[in-house]
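Colleague: The primary structure of each chain is shown beneath.
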Amino acid sequence: MGFGLERSQSPVLVIKPTYGWVSLGLHSVWEHRELLYFLTWRDIKVRYKQTVLGIAWAVLQPFLLMVVFSVFFGRLAKVPSDGFPYPLFTFCGLLPWQLFAHALTESSNSLVANERLITKVYFPRLVIPLSAVLTGLVDFIFAFLVLLGMMIHYGVMATSALWTLPLFILMAVATALGVGLWLSALNVQYRDVRYTIPLITQCWLFLSPVAYPSSIVPEPWHFLYGVNPMAGVIEGFRWALLGKADPPGTMLAVSAMVTVLLLIGGLFYFRRMEKNFADVV
Amino acid sequence: MSDIAIRAENLSKRYRIGSREPYKALRDTITDAMCVPFRAVASALNGRRSAASSQPSDNIIWALKDVSFEIKQGEVVGVIGRNGAGKSTLLKILSRITEPTEGYAEIHGRVGSLLEVGTGFHPELTGRENIYLNGAILGMKKTEIDRKFDEIVAFAEVEKFIDTPVKHYSTGMSVRLAFSVAAHLEPEILLVDEVLAVGDAAFQKKCLGKMGEVAKRGRTVLFVSHNMFAVQGLCQRGLLLESGRLRLDSDAAAVIGTYLHLGVEKGGEVNCNFPEDAPGDERGRLKAVRVVSEGGVTGQIDISKEFSIEIDYWNLKPENRLLVSIHLHDGMGICVMTVSNLPSACLTPDAWYSRYYPIGLFRTACTIPGNLLNDGTYTVSVYVNENNLPRLLDSDNIVFVPHVLSFEVEDTGTMRREYTGKWLGVVRPMLAWQTVQIE
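First to last, the sequence lines map onto chains F and C. For the first sequence, the residue numbers in the numbering used here are 1 to 281. For the second sequence, the residue numbers in the numbering used here are 1 to 439.
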């Protein structure tokens, strides 16, 4: 038997029905990391194909929003900005926000968009929303370069808190993934989800301190305000980059906890629904 | 280590009718939920009737039910059955795309499944990029793709366009590229579904060749197909599924025979366009077999009309003498007749019987009179032999294809004017009868 076959490990795979909550199977996702890489790479490659401006869109989107916000909220409505120039202040909020909103939208639609893959090939389905979330990071990096330019322009120096920045980026991505897992699994069954996503992101934008500082929320409410993980992320982001006096303590702790809960809940829910994806999508 | 590659034990898959619909709106679920109390009231009022209608068994189908089998390493097994028999569901369960509802399966070895050619191909990406993407989707490692890259490109014959986006490819080119990637997948166990059904004839031929190669290399293959020639040529063993159940697990010829008796391949014709893949050997190969009645190819024969069985074959060895025979089996597997173009067995001698065939394509036809066979389904098995009579040996078989085609003899009522019940018997000839008074 087996002409030139390497039957070294000869894994025995048992296929049987699963019931209820199942283990996360993260090792299996790790085994498929190359697929994760290629799917992410595909989405990045294809993203700005056949556009005139290409990757410039990654910068233009937050930049134009910043201009609009600066004129209407900063100049006309005189929204406070914690003592920083308003354009810098709001751009600094827009970056993690756009990363989050993009990752949320893409991951929520990812399973439906990759229906062909799901019905024809086996791999851990987690790879799909995960890769959708990761594609947003490329846009983020380009926009981040612009932010650095703006900081130099306004003469704002980063402080030693800068090293915490990756944590906030991770938190934004984790929150998007957590919510995206719930929504993508729901979207497989209920296509209503697709229409609620723009609504969710728009409302969420105004619930997050993008155009205004969280300091306008009265102190006793900060705890509750932190239940929105993006509040913690954005304030943390500003603190890490612009060097605001004190870190957003309580609020950040609450946000981090909510993020972890969303992510773990999302992972388990996703795994529970996963077995039906190929039959329902 | 056991030599089992796949073991399935009572595999079953249940679908709720409706859950396979493309989508379900949240509204439906909400309406359903809101209707529940009303239904409860209604069933209380109406008693049994509406209680029965809410039973789930009404809208459940078992796409697969209690399917058990074992496949040894190195076996090439064909899975056949008509549409909806559960073939694809079986492959989807074994390749872990969907879960069984009941039962379990064990798979020993690395599985590669090929349910579609070109899954994940992206038109905006170049040929090169798609090779890597598609390879990764099929489960290849990057290093593996690197190593086989040149081979894949050469097999697909797209060297010049490898850095062109696939959307500028012709359909043929992208299908070739997609198949080429899939063909270089080297799992220990290969699950293949109907991939041969896509693409043009030339592509199908290439697929078959490659599949044969894979099979020869000692890999375990589970192969779903409607192409009986392909199953016949590639598989030693067959599984026949019918309405989700395993109806027969036997050698390929027997399974194909039973399948044809199910009355599925009734087109009246089977074809194979490529000499090198058709049944046969270097001396000759079968091209087509068809049933012709009243001037047209048909799978339904009027019981009172004569019909012909035509056999097209290539002679590939110059100056060879050939002999053609047909076996006809009925629905119970009983051999109804063996007929051949031997001069003493023909009404009028076949001129080519004693001739030396040059290389070329030939057609031998046998005419069967009307009012001979009873109504029912019959299968045709075809032999082409090297004519070494009177010492005909088994090794003289050039082509031997059992149950290559089935046809149905239909009773049109010509003999049912007086007696309308079932006419027993294998044959139902119209014979001469006479009664005389002798005393």
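Honestly, the hints are just simulated from the structure, not real lab data. Keep in mind it's a predicted model, so treat the numbers as computed, not measured. One or more of the hints may lead you astray.
To be verified - Capping the alpha-carbon separation at 30 angstroms, the derived lysine-lysine pairs in BS3-like fashion look like this:
hint : chain 1 : residue 1 : chain 2 : residue 2
1    : C       : 210       : C       : 160
2    : F       : 49        : C       : 167
3    : F       : 49        : C       : 141
4    : F       : 275       : C       : 142
5    : C       : 167       : C       : 142
6    : F       : 49        : C       : 148
7    : C       : 148       : F       : 45
8    : C       : 216       : C       : 142
9    : F       : 275       : C       : 216
10   : F       : 16        : F       : 275
11   : F       : 45        : C       : 422
12   : F       : 275       : C       : 141
13   : C       : 72        : F       : 275
14   : C       : 167       : C       : 216
15   : C       : 72        : F       : 16
16   : C       : 72        : C       : 216
17   : C       : 72        : C       : 148
18   : C       : 160       : C       : 148
19   : C       : 148       : C       : 167
20   : F       : 45        : C       : 167
21   : C       : 141       : C       : 65
22   : F       : 45        : C       : 65
23   : C       : 160       : F       : 49
24   : F       : 49        : C       : 142
25   : C       : 216       : F       : 45
26   : C       : 148       : C       : 65
27   : C       : 141       : C       : 167
28   : C       : 72        : C       : 210
29   : C       : 148       : C       : 216
30   : C       : 65        : F       : 16
31   : C       : 167       : F       : 16
32   : C       : 160       : C       : 141
Unchecked claim - Beta-carbon label-pair distances, calculated as ranges:
hint : chain 1 : residue 1 : chain 2 : residue 2 : range
33   : C       : 147       : F       : 18        : 33 to 39 angstroms
34   : C       : 397       : F       : 19        : 53 to 59 angstroms
35   : F       : 17        : C       : 146       : 37 to 43 angstroms
36   : C       : 210       : F       : 194       : 39 to 45 angstroms
37   : C       : 151       : F       : 268       : 42 to 48 angstroms
38   : C       : 317       : F       : 37        : 34 to 40 angstroms
39   : C       : 359       : F       : 37        : 52 to 58 angstroms
40   : F       : 37        : C       : 397       : 52 to 58 angstroms
Note that CB positions come from ideal geometry on N, CA and C, so glycine has one too.
Colleague: Indicate, hint by hint, whether the structure satisfies it.
Modeller: Hint check:
1. C/210 with C/160: holds (23 angstroms)
2. F/49 with C/167: OK: residue 49 of chain F and residue 167 of chain C at ~12 angstroms, within 30 angstroms.
3. F/49 with C/141: With Cα atoms ~27 angstroms apart, residue 49 of chain F and residue 141 of chain C stay inside 30 angstroms; holds.
4. F/275 with C/142: The given pair, whose Cα atoms are some 28 angstroms apart, holds under the 30 angstroms limit.
5. C/167 with C/142: Cα-Cα ~24 angstroms, so holds.
6. F/49 with C/148: holds (28 angstroms)
7. C/148 with F/45: holds (23 angstroms)
8. C/216 with C/142: holds (26 angstroms)
9. F/275 with C/216: Since the Cα atoms of residue 275 of chain F and residue 216 of chain C sit roughly 35 angstroms apart, the hinted pair is violated (cutoff 30 angstroms).
10. F/16 with F/275: The hint holds at about 11 angstroms.
11. F/45 with C/422: violated (70 angstroms)
12. F/275 with C/141: holds (25 angstroms)
13. C/72 with F/275: holds (28 angstroms)
14. C/167 with C/216: violated (35 angstroms)
15. C/72 with F/16: Answer holds: residue 72 of chain C to residue 16 of chain F is near 20 angstroms, not above 30 angstroms.
16. C/72 with C/216: holds (15 angstroms)
17. C/72 with C/148: holds (28 angstroms)
18. C/160 with C/148: holds (17 angstroms)
19. C/148 with C/167: holds (23 angstroms)
20. F/45 with C/167: holds (15 angstroms)
21. C/141 with C/65: Not OK: residue 141 of chain C and residue 65 of chain C at ~36 angstroms, beyond 30 angstroms, violated.
22. F/45 with C/65: violated (44 angstroms)
23. C/160 with F/49: holds (22 angstroms)
24. F/49 with C/142: The given pair, whose Cα atoms are some 24 angstroms apart, holds under the 30 angstroms limit.
25. C/216 with F/45: violated (40 angstroms)
26. C/148 with C/65: violated (40 angstroms)
27. C/141 with C/167: Holds. Residue 141 of chain C to residue 167 of chain C sits at ~25 angstroms (cutoff 30 angstroms).
28. C/72 with C/210: Distance ~21 angstroms between residue 72 of chain C and residue 210 of chain C Cα, so the pair holds.
29. C/148 with C/216: holds (20 angstroms)
30. C/65 with F/16: Roughly 14 angstroms between the alpha carbons, so the hint for residue 65 of chain C and residue 16 of chain F holds.
31. C/167 with F/16: Violated. Residue 167 of chain C to residue 16 of chain F sits at ~40 angstroms, over the 30 angstroms cutoff.
32. C/160 with C/141: Satisfied, since the Cα-Cα distance of roughly 25 angstroms is no more than 30 angstroms.
33. C/147 with F/18: 33 to 39 angstroms: holds (36 angstroms)
34. C/397 with F/19: 53 to 59 angstroms: holds (54 angstroms)
35. F/17 with C/146: 37 to 43 angstroms: holds (39 angstroms)
36. C/210 with F/194: 39 to 45 angstroms: Given range 39 to 45 angstroms: holds, Cβ gap about 41 angstroms.
37. C/151 with F/268: 42 to 48 angstroms: Holds, at about 43 angstroms.
38. C/317 with F/37: 34 to 40 angstroms: violated (55 angstroms)
39. C/359 with F/37: 52 to 58 angstroms: holds (55 angstroms)
40. F/37 with C/397: 52 to 58 angstroms: About 54 angstroms separates the Cβ atoms of residue 37 of chain F and residue 397 of chain C, which means 52 to 58 angstroms holds.
In summary, the structure is inconsistent with hints 9, 11, 14, 21, 22, 25, 26, 31 and 38 from the numbered list given earlier, while agreeing with the others.
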